[in-house]
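Participant: Protein chains in written order, with the working numbering: chain A, 19 to 334; chain B, 366 to 694; chain C, 230 to 512.
The hints are simulated quantities; they were obtained by calculation from the structure and are not laboratory data. Small disclaimer: the values here were computed from a predicted structure and weren't measured. There's no promise every hint is true.
Listed below are the simulated BS3-like cross-link pairs for lysine-lysine, each with C-alpha atoms no more than 27 Å apart in a straight line [as the list claims (entries may be wrong)]:
#1 B/K427 / B/K449
#2 A/K25 / C/K411
#3 B/K375 / A/K144
#4 B/K449 / B/K375
#5 B/K633 / A/K144
#6 C/K411 / C/K395
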Amino acid sequence: MSVFLLKRLSTFAATLIAASIVIFLVLEILPGNAAEIILGPEAHQDQIDALSHKLGLDRPAPERYVSWVGGLLSGDFGESYAYQTPASDVVIEALEVTVPLSVIAVIINIVLGLSAGVYAAARHNKLGDVGVMALSQLGIAIPSFWLGILLILVFAVWLGWLPAGGFPGWDDDIGDALEALILPAIALAVFQAAILARTTRSAVLEVSREDFVRTARAKGLTRRAALWRHVLRNAMIPIITIVGLQFANLFVLTIVVEPVFSLPGLGMLILHSIANRDVVVVQDVVMLLVGLVLVVNLAVDLVYAVIDPRLQARRA
Amino acid sequence: MALLDVEDLKVSLRTSRGMAQAVRGVSFQLERGDTMGLIGESGSGKSITALSLLGLLPEGAKVEGHIRLDGRELVGRPEAELCKIRGNRIAFVFQEPMTALNPVHTIGRQVAEPMTIHRCITHGAARAEVIRLLDRVGLPDASKRVDAYPHQLSGGQRQRVTIAMALACGPDILIADEPTTALDVTIQNQILDLIGELVAESGMALILISHDLGVIAENAARMMVMYGGSVVESGPTAEVFRHMGHPYSQGLFAARPKLGAPRGEQLKTIPGTVPELADLPTGCPFSDRCGLVIDACRTTPPPAMPVGPDHVARCIRLDVALANMAVAR
Amino acid sequence: MTAAIAPGAIRRAFRHPSFAIGAGLTALLVLVALVSLIWTPYSPYEIDMAAKLAEPSGGHWFGQDQLGRDILSLAMAGAQNSIMVGVIAVGVGLTLGMILGAIATAEGGWVEELVMRFSDLTFAFPAILSAIMFTAVFGPGIVVSIIAIGIFNIPIFARVTQASAKAIWAREYTTAARAAGKSRARITIDHVLPNILSALTVQGTIQFANAILWEASLSYLGFGTQPPHPSWGRMLNDAQAHMFDAPWLAIYPGVAIMLAVLGLNLLGDGLRDLLDPRLVRSR
Chain A
19 MSVFLLKRLS TFAATLIAAS IVIFLVLEIL PGNAAEIILG PEAHQDQIDA
69 LSHKLGLDRP APERYVSWVG GLLSGDFGES YAYQTPASDV VIEALEVTVP
119 LSVIAVIINI VLGLSAGVYA AARHNKLGDV GVMALSQLGI AIPSFWLGIL
169 LILVFAVWLG WLPAGGFPGW DDDIGDALEA LILPAIALAV FQAAILARTT
219 RSAVLEVSRE DFVRTARAKG LTRRAALWRH VLRNAMIPII TIVGLQFANL
269 FVLTIVVEPV FSLPGLGMLI LHSIANRDVV VVQDVVMLLV GLVLVVNLAV
319 DLVYAVIDPR LQARRA
Chain B
366 MALLDVEDLK VSLRTSRGMA QAVRGVSFQL ERGDTMGLIG ESGSGKSITA
416 LSLLGLLPEG AKVEGHIRLD GRELVGRPEA ELCKIRGNRI AFVFQEPMTA
466 LNPVHTIGRQ VAEPMTIHRC ITHGAARAEV IRLLDRVGLP DASKRVDAYP
516 HQLSGGQRQR VTIAMALACG PDILIADEPT TALDVTIQNQ ILDLIGELVA
566 ESGMALILIS HDLGVIAENA ARMMVMYGGS VVESGPTAEV FRHMGHPYSQ
616 GLFAARPKLG APRGEQLKTI PGTVPELADL PTGCPFSDRC GLVIDACRTT
666 PPPAMPVGPD HVARCIRLDV ALANMAVAR
Chain C
230 MTAAIAPGAI RRAFRHPSFA IGAGLTALLV LVALVSLIWT PYSPYEIDMA
280 AKLAEPSGGH WFGQDQLGRD ILSLAMAGAQ NSIMVGVIAV GVGLTLGMIL
330 GAIATAEGGW VEELVMRFSD LTFAFPAILS AIMFTAVFGP GIVVSIIAIG
380 IFNIPIFARV TQASAKAIWA REYTTAARAA GKSRARITID HVLPNILSAL
430 TVQGTIQFAN AILWEASLSY LGFGTQPPHP SWGRMLNDAQ AHMFDAPWLA
480 IYPGVAIMLA VLGLNLLGDG LRDLLDPRLV RSR
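Work out the full structure: start from the sequences and follow the hints.
Facilitator: Given below as structure tokens:
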């Protein structure tokens, strides 16, 4: 176990470092100095130079990289040029929207995807199965931002049940805040749930063909009991991978869905920061997302070992 | 009234080429304490016959005829009632011990499972009985091994576990489908001896399926030879071995490796291959591969011809076949 | 293998529902794009402010947008855009990914390790995120977004190539070819590539669908195709501003994206089943 853990952790760290260098270098060639953007097109070169110096933009690149990474490690995310506040404040404010949004979306995804997948597998080759599979193909093909627009059209414009966009914040009424997140969460979750349903179905079907399921049936278990007691736990192994990766994906896809609903989350933040050449914030947010992807991958690998007793033995 | 009475059992399976008859009119009776061997090549219908006794056929299969357990018909019984029989009155030991156990549950849990289903007791309460069973089937250190996972056991040990699982509810009939084929040669006899002991001890009936004549000869009092979904020869094992009547049985006998055979002597083989179910000839299923075939063989399925006491073979060329066999000996 | 297609195979293929529907929708997409090259009901660039946000009518079946442009013509011309994005992005990803993957498996050792670590690193950057970073650096536009999508496709194809090629290298006939003195490059071209073609075709079809989806997202966010060039994502961006007064604007471009992606995904699924009979049962 420990050798596996050590190996896995060192690849994780190496990829993380490589990713941070890539992010830094890519944004290094970003044209347009932040100082120019802040001061506007009429600014004088002296003013720009002065502000650049104040922001530390004239320091050599390696030095800035080290201070950026060092800052991240000590919890200092740097200063946002555009908002003139610590970047961590801006990021945390955005996370207050994006984290609940993603969590709601993950819950919808798991409930919808798992139940549809298990149902389809249980009704293999029957009408219910074919129906779920056809719907899942539609779910995969619908662009999430268009689904968002359709949801607004139906539930906000026609029915008037839910707000069309915006976010009232958590300070006033939690109910209002949650209401504002429902449609975006559905728009985010449908695509993922469609994929999860397909993965779940094929995982369950694959395990159902294993000999031990026949053994279980020969013991006198009903089809349903064999599914719950013997198939699902084995099928969970591929399902957990997908759910884990989907959590990271959902976070990233907020970039496309948040603008549809004008939600001031991480997605909107990165779009605004790119427009404002707010390089520090862009760096931080991209690093955060990439870090999340890597952490999730790591977590998925570790969870495997817990679920599948065979892996513990193999790695011991 | 027989414990198990199978009468004119026919099973059709759905294949990519349409429905195919995998079992074509099999009949036999089994009493408590009987041991019956079922022999044939893969595709002969022996496993399908066994699975149909439990109602565990692949989806889309069609069953005709009668399977009566204590006089009660099993064919067409609702699934829920069949579940009460499986693992309880009729238990199964499968061929592949490596894959027949669920990798994510402990073996104790899996052995206890039939009891929790049929005896309404909890896993905890079943524990002592599980340990006793594991001990009985010869799993060393049973009280510790009860919490082991399947991957921590060897193939032979796993097969002992599946046997314990089959015994959990004290079934009346044990069906062992090639229980030793996947095991090392040295382990095979131990497992067969164990099954034999357990059958003698509990008085249950045994259906032992194998493709190995030697296994059947040593472990079953009666035997049936299956080919192409039909029983081509059946009778008391000793009787069948004394006067092997059907050309197919004779072929199987000639094809077995013999100890002490002169070096360089070639193993006899049966010419041709087992036909696909959908391609079976209309008359005798073996007619396309049989050396004694005459035109009449190909037109109608042969009737059961008596060979000896309680011993029949489905072959119209039986006299010639028996004469050949006598010469060969 | 695909080398010799029996006439019966084609008939069987069209009896496969996924393949038949997928091939039909994909053919429709290509057909619409080709027709729009020579004819659209109106010019997609023709502005008619007098008829802005006009509802669907006999003259304009799908209605007119905020500049009075004909929606049907815009949607037809948008197909060209999507196909171009798909072809180039998959072409770049497939060519480079296949070369990298083939070299990695043929060479093995540190070369393989390097290629695989490189694709691990690229996988840490989600497609949409890297595309946005790219457009931020090089300015928004269709060329940049195609390249960004293409680059993200490289590791995907490299992995598919590596995984399938590894299986081929383990076969007896490649060992026999090596014993006969054939070079690794020769074996790759003669034995490995022909055998992994079907896996790459399936992946290519699915990546084509993804490319259309990503390009539409980028254009919707304003990073992809720039106006006045017609694109489905851009049309949806425009439509959102008029959701209350002209909701129909938001329907057609979305349906177009959905059908294109659906068609290609079904085609990919169908091809997977037909090209690899062993997989049919497990799907």
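Participant: Mind listing which of the numbered hints don't hold for this structure, in increasing order?
Facilitator: 2, 5
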